[in-house]
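A.B. asks: Please take these sequences and the hints and turn them into a complete structure.
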Amino acid sequence: MAASSSEVSALLNRKYDAGFYTDIEQDQAPPGLNEDIVRLISAKKQEPEWMLEWRLRAYERWLRMPEPKWAHVHYPPIDYQALSYYSAPKTTANLLQSLDEVDPKLLETYKKLGIPLQEQKMLAGVAVDAVFDSVSVHTTFKDKLAAAGVIFCSFSEAVREHPDLVRKYLGSVVPQADNYYAALNSAVFSDGSFVYIPKHTRCPMELSTYFRINAMNTGQFERTLVIADTGSYVSYLEGCTAPQRDENQLHAAVVELIALDDAQIKYSTVQNWYPGDEQGRGGIYNFVTKRGDCRGRNSKISWTQVETGSAITWKYPSCILKGENSVGEFYSVAVTHHRQQADTGTKMIHLGRNTRSTIISKGISAGYGQNAYRGLVRIAKSAENARNYTQCDSLLMSDHCGAHTFPYIEVRNRTAKVEHEATASKISEDQLFYLQSRGIATEDAVNLIVNGFCKEVFKELPMEFAVEAQKLLSITLEGAVG
Amino acid sequence: MGLVEAVALKLALPTNEPATLSALRRDALTRARQHGLPTTHQEDWKYTDLAVLQTLDFTPAAAPRAVPALPLVMPDAYRITFINGHFVARESNVGDLQIGCKVRTINAVTRDEPATFEASLRRAKTLETKVLPALNVAAAGDGVIIQLAANCVADRPLVVTFINDAREQATWSAPRIIVEAGAHSQLTLIEIHAGGDDAYCTNAFTYLATSAGAQIQHYRITADGPAATHLGQVEIELGRDAHVSNFALAVGGRLVRVDIDCELAAPGASVTLKGIFMASDGQHVDHHTRVDHRASDTTSDEIYKGIASGDGRGVFNGKVVAHAGTQRIAATQTSNNLLLSSTAEIDTKPELEIYTNDIRCTHGATLGQLDEDALFYLQARGIPRADAEALTTFGFVHALVAEIPYPEVRALAAKRVALSAPALAGVVAGLTL
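Read top to bottom, the protein sequences are chains G and Y.
For what it's worth, the numbering used here labels the leading residue of the first sequence as 1, then goes sequentially.
For what it's worth, the numbering used here labels the leading residue of the second sequence as 1, then goes sequentially.
Because the hints were derived from the structure by calculation, they are not lab data.
Idealized CB from N, CA, C, for every residue including glycine.
Watch out, some of these pointers could steer you wrong.
[Stated by the list, open to error] Okay, the calculated bits of chain Y under chain G, using three or more residues with CB under 8 angstroms as the criterion:
#1 264-276
#2 354-360
#3 363-372
[As the list claims (entries may be wrong)] Away from chain Y, derived, C-beta distances all over 10 angstroms, residues of chain G:
#4 K44
#5 P48
#6 C153
#7 L165
#8 K168
#9 Q264
#10 G280
#11 L351
#12 T358
#13 R438
#14 G439
C.D. replies: Below, the structure is given as structure tokens:
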């Protein structure tokens, strides 16, 4: 397996070199951000008046907010007036006509990565019948989901079809003016997905952003809202399995999760946006606000993320543990290679009695990558018998990379038990030697050790994601150990 | 008049110091004014609000009328005492320490050898980078300079005591200690701050510079009065194979903030930081430590234990930075905290910043209450619950107290720890330490 993953990595590396950026004609708003652009976006989406007002309020707040600078990342200032806030593919004329025209080796790579066929077409820039992709595929599952009463649709559709639910929950976890990028997103979000799981329903399948990818091409400001009503369960997968073709693009998404009494939400992300090249040119700025609200008793929200892409990752999937006995979990593997930078972690805000949270964070730095874990564990006065366990480990694979830990622990209740442990080290020479002495090649030995390092997180991922995550990891770290 | 303006007023007074020194002080004040006093919007001051420095009407402390009882009496030690920022000769005795070692007050050095003093000030980095040390320079308070010649081993510890006994409201002082330890020299320095019940403010600065192979043991005890604001900056610079161990004990004051910055500048240097802080009712106690590993083969070990009770608030922020280009760095950091009441708060942040790979760095933080099993064990042996709690609470910090090799310091630490949490008194008084 190790040998084959090396092949995969060789292929994937080649893919970046060749670059399969396709020039698509876009229906694009002029660069710049003002009230008219916000109105334009709202009009294009045929939104009701209340939605437009909500956007405008957010825009107004955004104007008055200073841009945050505190993260442990460095990037040239972003000119918000140079960006275009609405962009949709207009025509498919310039695209390849079928998968047959795609480099077969590329396809082989996708197959090895286990990317579904439809997605392969997306990735390769093949013109797929938009109707086929976003409607019929969509509807196949929609019937099945509808039978269970689950609402799963694009955000625009939800605004039109389920305005009551959207109005009730939108912005209730991440308020418009929560932070600079959340405010920006609230003003100009293009699309995203909406999930509602009715009472006492176990969502019959794992919901995945596969549906969403098409719509996502229209913009970099998507918004996700997941509501798990009393006693329900949903597992939601967000796979940015593709290198996005755009360069140095700002991606400022907002994800809101709401778990009511006895509800459970499992949210998994495998993020592999375009990380930029070896010199750090290009790549996505991934500035995302993700927050879950355990509103009900015995509710549970679990975040699992594997972050291998993006030039800069700056996000803290968080849990507000409001309900009694609610549980928050955060499992993360963040990899930075070449010039990638990551400042990621979580916030566990304990408000309710007997709330528990677990944080397992694994950071891997290679090349010139900078990887920071930043986490907050806050036990409020009202949180009797709260419990937190945090473990963050860093693996350093070159002498130019960086691994940083900034854990904030704030405790206001004496009954709390909080533990935090962190380590930082390089791959043990002894472990490497042990494996090598048994005839395992250096690169494969490193893969084995790194996978072992991440195991605690990978085991939380749904099966197919776990396989993909392992492969992505070895690809990202290709050539990292010299 | 806030603290900054109070310092400015003092700076404006005529002195007989050389012009270069006055210029240095004026520059420091300009810097302090430019940056302003830290606010809670700054990351390093997130948990500690210095608003009191702006609201109180500060006046410089007057010369002492009488000498109050000293908090720490060590018959065997050399001693230097300052009251209200003024040197008290009859409570000072450095005797044989003068052999191979120059011990002088800052006022004396400013008068006799201003260039030496200025050179020392220019070496200290925090005077440039931080506002409170800059204010300390501008204020030009008295203090002590200890210059150890190469291979000079001080035979007995040196106790430097700063007492505020002004008995007026809102006096301030800016004491300082500068130690320059020559190659392979050794010194034990016990720095102690104490005072009365007034709302005074101490803005202290301690600079320890070690040459190759030098060793300093530094005990820093904050035993200020219940209304006092204590701001302390310790800057430690370590040369090749030098070792400094710092023990910070905070058992007094209303608002205490101590910054300890260590520079491991040459290979083989090592530093040990230990601390105990008691944040009792009405107290806010904040320790910020920073260790910069700037050279290969450097080691740092750190352990802080904090107890918060009543509505006290304890803050610990420890940062270890392994700089690029260094190799074979070993750093450990532990922050253990105990919350004794439902109104107390602990905020802890053990940070690591690592820019190299050949390292072994770990940190851990724990926060909790007394172990029920331990309490049960004691109760089962006939010890009342309250006493059992006091014993286990004291046991929590005792391991660190017990390591202090000087009986007088150990006894003082134990006594002050016991006094700072009401639950502890009584039981601990009967302990033999």
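A.B. asks: Could you tell me which of the hints above the structure violates, numbers in ascending order?
C.D. replies: 1
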